[in-house]
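The whole structure should be built from the sequences, with the hints applied where relevant.
Protein sequences appear in the order of chains A and B.
Everything in the first sequence is counted per the working numbering, starting at 239 for the first residue and increasing by one.
Everything in the second sequence is counted per the working numbering, starting at 239 for the first residue and increasing by one.
What the hints contain is simulated information worked out from the structure, not anything from laboratory work.
Be careful, since some hints might not be right.
Because identical chains cannot be distinguished in the list, a pair is counted as satisfied if it fits within a single copy or across any two copies.
Calculated lysine to aspartate or glutamate pairs in the DMTMM-like style (CA-CA distance at most 25 Å, straight line) [said to hold, decoys possible]: (1) LYS337 with GLU285; (2) LYS293 with GLU304; (3) LYS293 with ASP281; (4) LYS343 with ASP317.
Number of protein chains: 2
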Amino acid sequence: MENQIIILRLGHRLPRDERISTHVCLVARAFGASGVFYSGQHDSSLESSVSSIVKNLGGNFSISYEKNYSNLIKKLKNDGFSVVHLTMYGIPLPEKLDKVKSNKKLLVIVGAEQVPKNVYELADFNIAITNQPHSEVAALAVFLDRISDGYYLNNIGFKDAKISIKPNEMGKQIIR
Amino acid sequence: MENQIIILRLGHRLPRDERISTHVCLVARAFGASGVFYSGQHDSSLESSVSSIVKNLGGNFSISYEKNYSNLIKKLKNDGFSVVHLTMYGIPLPEKLDKVKSNKKLLVIVGAEQVPKNVYELADFNIAITNQPHSEVAALAVFLDRISDGYYLNNIGFKDAKISIKPNEMGKQIIR
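In structure tokens form, the structure reads like this:
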């Protein structure tokens with residue numbers, strides 16, 4: 239993948255979103271994004287659990303808190319990023335896939351609960367991963383998998399990993 | 239999709255897994271599974287929130303508690319189901335995709351925390367959705383999306399829906 243992909247997780251709430259936001263970050267990393275910004279409540283524990291995965295399993299992946307998400311979106315748009323907001327109210331991904339893939343720099347936004355109206359307006363693409371309610375974690379994973387043409391499904395590890403997994407028909411094999 | 243797909247969510251814990259298990263169920267529904275069994279702690283609230291989505295947004299989708307997951311796996315194997323266990327320790331999906339897709343009846347297992355060893359042994363396929371730690375919600379979504387060749391990404395609604403979403407470039411449109 240030559241694309242640069244950054245994720246924005248909106249409206250992190252404690253303790254409610256602890257695990258969901260962690261899953262969002264780990265999905266972002268596993269499917270090739272370079273980092274996550276999150277807004278809402280600051281959460282050092284989220285940051286340290288994500289950083290610890292990166293430290294052990296490798297890759298260049300950052301997590302940063304951003305209080306003012308509107309400013310961040312505007313700044314990244316000025317830097318040449320196209321903005322994709324994943325929402326069940328949007329246009330089905332297959333209709334926009336080629337157009338989205340043609341952008342080399344993407345900011346992908348996933349919300350918690352109610353997403354403010356200005357996010358729909360700031361987005362270049364409001365994209366649905368099915369027009370059904372399910373999960374921002376799932377929506378992000380399917381989106382990243384599809385725009386990378388499944389590249390990360392075959393990824394056997396990241397650069398500088400201290401630990402990696404050897405694929406196995408049955409059981410666990412960890413390489414240190 | 240002609241395949242019949244059932245999901246087994248292992249080891250549901252309260253309150254820790256409330257939201258993650260809800261996301262697992264909603265992903266299963268949105269991507270065409272016919273139902274979810276869950277083991278671990280019984281949770282009426284999980285069942286009623288999933289049932290309420292089905293009632294409003296349609297489809298045939300059931301949720302049932304199953305205390306003895308090993309018996310359920312064995313019973314479904316006897317009924318002709320092939321068993322897929324999604325785990326970061328397994329074989330990358332692309333290597334097994336055709337083989338898995340050739341099965342008309344699939345039981346797909348996703349765990350919480352530590353998955354007992356006998357699940358790896360009972361499974362016909364231990365499949366990795368990337369060999370990286372991320373999320374059972376994401377793994378299930380990508381798996382179901384890939385085995386259905388993206389069919390549900392274009393699904394505009396389920397049978398008997400009282401509410402559906404009209405895809406929109408910007409904003410929300412709900413049809414009642």
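Those earlier numbered hints the structure runs against, lowest number first: 1
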